[in-house]
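Protein chains: 2
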Amino acid sequence: MTVIHAVASRKRNATVTRAGLLAAATERFVREGYDSVSLREIASDAGVDVSLVSRYFGGKEELFSEVLAACPSGTEMFEGDIHDFGERLATKLVVDTKEDKDLNCLLIILRSASSPKAREAIRKSGEERFFGPIEKWLGGPNANARARLIADIVMGVTIDRVISDDFGLDDAAREHFRVRLARILQSAIEI
Amino acid sequence: MTVIHAVASRKRNATVTRAGLLAAATERFVREGYDSVSLREIASDAGVDVSLVSRYFGGKEELFSEVLAACPSGTEMFEGDIHDFGERLATKLVVDTKEDKDLNCLLIILRSASSPKAREAIRKSGEERFFGPIEKWLGGPNANARARLIADIVMGVTIDRVISDDFGLDDAAREHFRVRLARILQSAIEI
DNA sequence: GCCCTATGTCAACGGGTGTTGACAAAACTT
DNA sequence: AAGTTTTGTCAACACCCGTTGACATAGGGC
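Line by line, the protein sequences give chains A and B. First residue of the first sequence? That's 33 in the working numbering, and the numbers climb one at a time after it. First residue of the second sequence? That's 33 in the working numbering, and the numbers climb one at a time after it.
The set of hints was computed from the structure by calculation and includes no laboratory data. Among the hints, a few may not be true.
[Claimed, not checked] Straight-line distance between alpha carbons at most 30 Å, and here's what the computed BS3-like set of lysine-lysine pairs gives:
no.: 1; chain 1: A; residue 1: 149; chain 2: B; residue 2: 133
no.: 2; chain 1: A; residue 1: 168; chain 2: B; residue 2: 133
no.: 3; chain 1: A; residue 1: 149; chain 2: A; residue 2: 133
[Unchecked claim] Calculated from the model, a selection of chain B residues having no Cβ within reach of chain A, i.e. all distances over 12 Å:
no.: 4; residue: 44
no.: 5; residue: 68
no.: 6; residue: 88
no.: 7; residue: 150
no.: 8; residue: 183
no.: 9; residue: 189
no.: 10; residue: 196
[What the hints assert, rightly or not] To spell it out: a stretch of chain B is covered by chain A in this simulated footprint if at least three of its residues, at any positions, have a beta carbon under 8 Å from a beta carbon of chain A; those stretches are:
no.: 11; region: 95 to 102
no.: 12; region: 157 to 165
no.: 13; region: 204 to 212
Glycine included, every Cβ here is placed at the ideal spot set by N, Cα and C.
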C-alpha cells in the first residue's frame, strides 16, 4: 500500500507517520469500507504499530472522520453559468478524466454507509461538503430537495462509472448516455 | 423485532423456528447489512438460541444467501403501464416502504456490498434481479444507456436514503422531491 | 405408562477486534 | 556526554464474533 518515506532528516517523525497512517487508512477505506478494515491492516500498510492509531487519532472513528474531512468540498463541482449546468456536469461525470479525490470520497461513502459507527461521520461530511454547497449555489424555492436530487444522481452515476469501468458502454452509447444525463441534470435544477 | 409465534399445536416446531430466524435475519440485514448484524442479535429477535442458526442454515453466509434467495424476481418492479413508470418508482423509492420487498432487497444489497463474504451472493442476485430486468423491460434503442441511467439514479437515491435516514427532508420537501424524481425517471426512459 | 427422536439451551472454544499502559529506542536539549 | 522528551513496539486486556459439542427437555409413537 501507500508508504510515506521519511525523507526528512529525522527517521522518526510523528508528522510523517501520522500522514502515512492517514494515507493508508484512506486507501483501505476506499476499497473496503469502514467495517471491513481493521486498524492492524492499516498500521501494517503504513509500516507501523497499531497502537499509534489510537495515540495519533484517538480511535478508529476519529481516524475515519479525519479521512472524510480530507475530501474536497463540493463547491468546485458546482460553479459557473447555471444555464450550462447540465452540459458541464454531465461532461465532467461521463467524459472528463476522473479526479481521484472526488471519486474516492464517494466510494468511501458507499462502502461505509452500512456501518452505524461510520454513518454519523458520513452524514455530517456529506451535508457540509456536498448537499450544503449545492443547495446554497442553487438558491430559490425547494433548493434542498433540488440539491438533494442532483447530488443523488451525481453519486449514483459516479459510483457506476467507477465500478463498471466507464459504464461498460461503447463510444456511441456513452455519448447518448451523456446527452441524456445532461438534459436530466438541467431539468433537475429548474425551479 | 419480528417474532413468529408457534400457534400450531406444537410448542416446539422446527419449521416455525426456522421461518422465524429467516424473518428476523431479513429484517436485520435490510436495516444494518451483513457485517453489522450478529447471529446473536438475529437469534435474540427470533427468541431462540444462536446455535440454531448454524444447525438450521449451516452458517451465517448460508443464512444470508437464503434471505437473498427469497427476494422477488425483480421484474415486478418494472411491470405495468410504462406511462406510470416514473410515478410508481419514485413513490417506491421515497415514500415509506418498510414492507416493500423490492426495496428491502435493494437495501440489503447496498448495505452488504462492502462485505467480502456477502459479495458473491450479492453479485449474483443483483445482476439477476436488478440490472438485467430493467434493460430487458425497457427494450428499444439505447436500452443499455437508458437502463443504466435509471439504475444509477435508483442507486444514488437509495444510498442517500440509507445514509440520511429518509433524506432529512420535512414532509413538504420530501413530496416535492418525490414529484421531481418521478418526472426525471419518466424522462429517463423515454426513447 | 415408556422410549426415542426432535428440538432447544448452554458453555466453551479459537480467533479477531479496538484500546491501553508499560517499556525500549531514537532524537533533541543542555 | 548526560538527561529528557519524543516516538515506536510489545503484550495484554476486555469484548464480540461464528461455530461446535455436550447436555436438557418436549412430544409423538408404541
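The hints, checked one at a time:
no. : hint          : result
1   : A:149 x B:133 : holds (26 Å)
2   : A:168 x B:133 : violated (36 Å)
3   : A:149 x A:133 : holds (23 Å)
4   : 44            : holds (35 Å)
5   : 68            : violated (6 Å)
6   : 88            : holds (25 Å)
7   : 150           : violated (10 Å)
8   : 183           : violated (7 Å)
9   : 189           : violated (5 Å)
10  : 196           : violated (6 Å)
11  : 95 to 102     : violated (count 0)
12  : 157 to 165    : violated (count 0)
13  : 204 to 212    : holds (count 5)
When the structure is compared with the earlier hints, violations turn up for hints 2, 5, 7, 8, 9, 10, 11, 12 and for no others.
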